[in-house]
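Generate the whole structure from the sequences, applying the supplied hints.
Protein chains in written order, with UniProt numbering: chain S, 1 to 427; chain C, 1 to 427.
Quick caveat, the hints were computed from the structure, so don't treat them as lab data.
For glycine and all other residues, C-beta sits at the position ideal for the given N, C-alpha and C.
Treat the hints with care, as some may be off.
Stated by the list, open to error - With a cut-off of at most 25 Å between alpha-carbon atoms, the simulated BS3-like pairs for lysine-lysine come out as follows:
id : chain 1 : residue 1 : chain 2 : residue 2
1  : C       : 402       : S       : 100
2  : S       : 402       : C       : 100
3  : C       : 164       : C       : 54
4  : S       : 100       : C       : 164
5  : S       : 164       : S       : 54
To be verified - With beta-carbon atoms standing in for the labels, derived distance ranges:
id : chain 1 : residue 1 : chain 2 : residue 2 : range
6  : S       : 295       : C       : 318       : 53 to 63 Å
7  : C       : 341       : S       : 46        : 33 to 43 Å
8  : S       : 110       : C       : 64        : 14 to 24 Å
9  : S       : 198       : C       : 401       : 43 to 53 Å
10 : S       : 245       : C       : 64        : 36 to 46 Å
11 : C       : 42        : S       : 274       : 35 to 45 Å
12 : C       : 105       : S       : 198       : 48 to 58 Å
Protein chains: 2
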Amino acid sequence: MIRLSTRDASFTRDFAALVDARRESDADVTRDVSNILRSVREEGDAALRAFTQKLDGHDLDDGGWSIPLADCAAAFDALDPVLRDALELAATRIRAYHEKQRPAGSDFTDEAGVRLGARWRPVDAAGIYVPGGRAAYPSTLLMNAIPAKVAGVERLVVVTPTPKGAINPLVLAAAHLAGADEVWRIGGAQAIAALAWGTDRIARVDVVTGPGNAWVAEAKRQVYGVVGIDMVAGPSEIIVVADGANDPDWIAADLLSQAEHDVTTQSILFTDSADFADSVVAAVERQLVELPTRDTARIAWEANGAIVLVDTLEQAMPLVDALAPEHVEIAVDDPQPLFDMMRHAGSAFLGRYTPEAIGDYVAGPNHVLPTGRRARFASGLGVTDFMKRTSFLQLDAAALAKLGPATVALAEAEGLPAHAQSVARRL
Amino acid sequence: MIRLSTRDASFTRDFAALVDARRESDADVTRDVSNILRSVREEGDAALRAFTQKLDGHDLDDGGWSIPLADCAAAFDALDPVLRDALELAATRIRAYHEKQRPAGSDFTDEAGVRLGARWRPVDAAGIYVPGGRAAYPSTLLMNAIPAKVAGVERLVVVTPTPKGAINPLVLAAAHLAGADEVWRIGGAQAIAALAWGTDRIARVDVVTGPGNAWVAEAKRQVYGVVGIDMVAGPSEIIVVADGANDPDWIAADLLSQAEHDVTTQSILFTDSADFADSVVAAVERQLVELPTRDTARIAWEANGAIVLVDTLEQAMPLVDALAPEHVEIAVDDPQPLFDMMRHAGSAFLGRYTPEAIGDYVAGPNHVLPTGRRARFASGLGVTDFMKRTSFLQLDAAALAKLGPATVALAEAEGLPAHAQSVARRL
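Next up, the structure:
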């Protein structure tokens with residue numbers, strides 16, 4: 001963990017180093033992934049079976065390639081009622097939030113008599129990747145699948161590895177709740193290849209979303225263009241902008257909630273109170289002792305954590321923009337003026353009673369968000385990631401007479417005479 | 001050119017071959033592009049200068065790295081008035097269409113007392129690639145730059161190669177009209193690298209759009225995630241759905257308007273009249289003799305063209321969906337019922353007086369569209385490609401009391417105790 005102050009002589013240089021720090025793996029998996037993709041594309045199910053035997057340690061022909069939807073329903077029914085209610089609350093609120101994202105399209109006729117507009121339609125099929133092992137989060141399945149269903153996607157395919165054949169009942173329950181149409185027991189780059197190109201058993205999809213390890217991320221990058229993908233994801237991060245009137249224990253818990261995800265995650269506190277900074281550092285240390293996930297959280301906090309002391313919180317906001325974080329909390333009584341100053345963040349959590357974790361589960365907005373400074377240009381997952389827009393035009397002879405001559409002039413200037421003639425012949 | 005009929009015994013197989021035909025280059029430029037990107041990232045302007053000397057045949061230190069904005073204004077003023085008016089009409093109509101795409105965002109408080117919403121902001125800087133040589137189209141510059149300006153992008157950077165130092169005055173004029181802030185005389189993968197990572201002279205941008213050759217396309221693919229990009233572009237295509245009441249010369253001109261772009265482009269006619277199909281074939285042959293771009297157009301038509309005879313035009317629409325074309329014309333008196341049947345296309349041109357070329361220039365919708373069946377999942381370029389969305393949440397103690405317990409239950413079930421504590425401490 002590093003501590004910086006905007007009053008330090010070296011602040012500009014030190015902060016630039018913080019901004020440019022790369023937390024993403026340098027593991028060069030490009031070639032491995034290319035080979036896996038090529039194998040699945042050429043050999044289909046045989047390659048899927050072989051990779052699953054080798055990497056996940058079970059035989060799909062023995063244990064079954066897919067999980068019956070009835071098993072998903074049974075897993076849901078068998079949930080502890082408290083958990084089932086919590087998942088249902090999450091699904092209901094996520095659905096309500098995303099329904100407001102459905103785009104309206106347009107259809108109008110302008111003063112030249114030209115009808116123009118745009119029409120949105122869902123993709124035919126979407127594939128959702130759900131990691132196995134410790135990162136197998138039912139909440140992530142909901143966050144990916146519900147926007148697809150709200151978009152109107154008719155075929156929703158879940159792929160999830162089942163290492164050593166072990167199936168996570170929480171994931172099955174979430175697949176049931178989200179309305180998955182197929183659940184396949186495959187993972188890794190091989191699963192992404194199956195979704196992109198299809199095999200005899202698994203029909204290809206149009207969009208692939210969902211988190212994964214470096215192999216999955218690289219596989220998605222390589223199939224981008226064959227299918228749509230959500231984004232290139234990297235390690236997660238949180239920035240907390242807090243004044244000295246906060247409870248240090250609350251803010252420490254927020255910083256640790258990011259740190260416990262993975263050793264590559266980053267938690268940064270901006271505050272205008274040096275005393276408060278000290279109290280938060282002490283609270284982090286106290287809480288780490290008790291935290292069941294302390295091994296991961298401590299490494300992440302010590303390696304990537306930072307506290308930046310500013311003269312005023314207003315001074316912090318351009319610095320936050322430079323980091324363009326996935327999550328930003330603005331923990332003050334009146335967060336709106338600071339939020340209005342900010343340009344770049346995936347998701348913002350306003351006020352003292354809005355810990356980031358509330359947005360991970362039940363609040364409604366998506367928790368699949370741009371990381372690694374990509375909030376400069378990227379957005380969280382949404383309904384339109386599972387839809388596409390067809391623009392349209394309709395002219396009659398009178399409208400073409402108005403726009404035709406300019407089109408002919410431009411087409412000829414660009415050296416495209418057949419373009420010009422397709423208009424000129426109709427004039 | 002191939003002719004198919006849905007009545008052929010082999011139709012299913014033949015049509016599948018048409019759908020799966022790859023027109024994209026297999027040239028493996030991946031490694032070349034990686035090397036160019038690495039050089040520019042490490043050596044900056046020196047690498048840019050060296051690649052430009054080698055590939056474009058001029059020295060940036062001699063002829064100037066950038067084109068002064070005053071030169072762009074002068075090029076605009078020096079245009080033939082007919083052309084200038086045409087460009088201005090195009091810019092005005094493109095701007096009007098795209099202004100309707102500006103997203104509204106949302107901000108509301110639900111029945112649980114949770115404030116939630118989404119806020120859209122432009123990216124800080126966008127880079128537009130404009131090819132040199134024969135594909136240096138001022139219309140493409142307008143189609144890329146105007147949505148960025150409508151989005152509110154404050155820094156709009158144009159890069160365009162100037163082979164042998166030759167500058168295209170039409171491109172400069174369009175850059176002036178579109179409001180470009182910088183115009184750099186660089187191209188190829190090296191220009192994409194400069195936009196993505198920046199150099200001493202050229203500050204990095206957040207989004208890179210615009211067409212280019214295989215090197216440029218691969219470079220964009222490789223920098224995707226470092227910056228946003230518009231899409232992976234491939235060869236262009238048009239489908240014309242036409243009944244026998246059309247003028248064969250009009251439809252032939254439409255097919256050739258696509259074919260003249262490049263030998264990899266594809267033009268396909270679906271019709272329910274065999275006689276009309278014969279007349280179109282004859283008209284294509286007649287027009288090709290006179291067409292200045294006949295060398296390209298003939299190769300494209302003969303290699304990739306197709307005519308598909310259907311019993312009814314309704315039968316054609318699922319076949320069109322399977323091809324998911326960049327452009328589709330529906331040339332009948334009442335196109336709406338057929339258009340309503342269709343799911344996948346980048347842009348639709350409805351009725352007998354809407355040749356595709358009208359959409360390339362002045363109609364208003366964007367001509368940067370998904371190709372190579374990507375209309376299954378991708379949309380044309382638009383204002384939101386230059387913006388990003390920040391979701392936000394604000395809870396008070398009462399709202400947190402309602403959502404908190406479910407969050408704690410889910411976080412504990414997922415094995416994320418610090419997430420649970422960040423909520424539980426506030427309850």
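Is 33 to 43 Å a correct range for the gap between the Cβ atoms of residue 341 of chain C and residue 46 of chain S? holds (38 Å)
Given the hint of 14 to 24 Å, is the C-beta distance from residue 110 of chain S to residue 64 of chain C inside that range or not? This hint is violated: roughly 41 Å between Cβ atoms.
Verdict for residue 245 of chain S, residue 64 of chain C (Cβ pair) under range 36 to 46 Å: Once the Cβ atoms are compared, 56 Å apart, the range 36 to 46 Å for residue 64 of chain C and residue 245 of chain S is violated.
Outcome for the supplied range 43 to 53 Å, where the beta carbon pair is residue 198 of chain S and residue 401 of chain C: holds (48 Å)
CA of residue 402 of chain S to CA of residue 100 of chain C, is that 25 Å or under? holds (22 Å)
Taking the CB of residue 295 of chain S and the CB of residue 318 of chain C, does the distance hold inside 53 to 63 Å? With a Cβ separation near 55 Å, residue 295 of chain S and residue 318 of chain C satisfy 53 to 63 Å, so the hint holds.
Holds or violated: residue 164 of chain C and residue 54 of chain C, Cα atoms, limit 25 Å. holds (10 Å)
Do the beta carbons of residue 105 of chain C and residue 198 of chain S sit within 48 to 58 Å of each other? violated (38 Å)
Straight-line alpha-carbon gap residue 100 of chain S to residue 164 of chain C, limit 25 Å: violated (53 Å)
Given the proposed pairing of residue 164 of chain S with residue 54 of chain S, does the C-alpha separation stay at or below 25 Å? holds (10 Å)
Satisfaction of the hinted span 35 to 45 Å by the C-beta atoms belonging to residue 42 of chain C and residue 274 of chain S: holds (40 Å)
What's the verdict on residue 402 of chain C and residue 100 of chain S, does the C-alpha distance respect the 25 Å limit or exceed it? Judged against 25 Å, a Cα distance of about 22 Å means the pair holds.
Comparing the model with each numbered hint stated earlier shows that hints 4, 8, 10, 12 do not hold.
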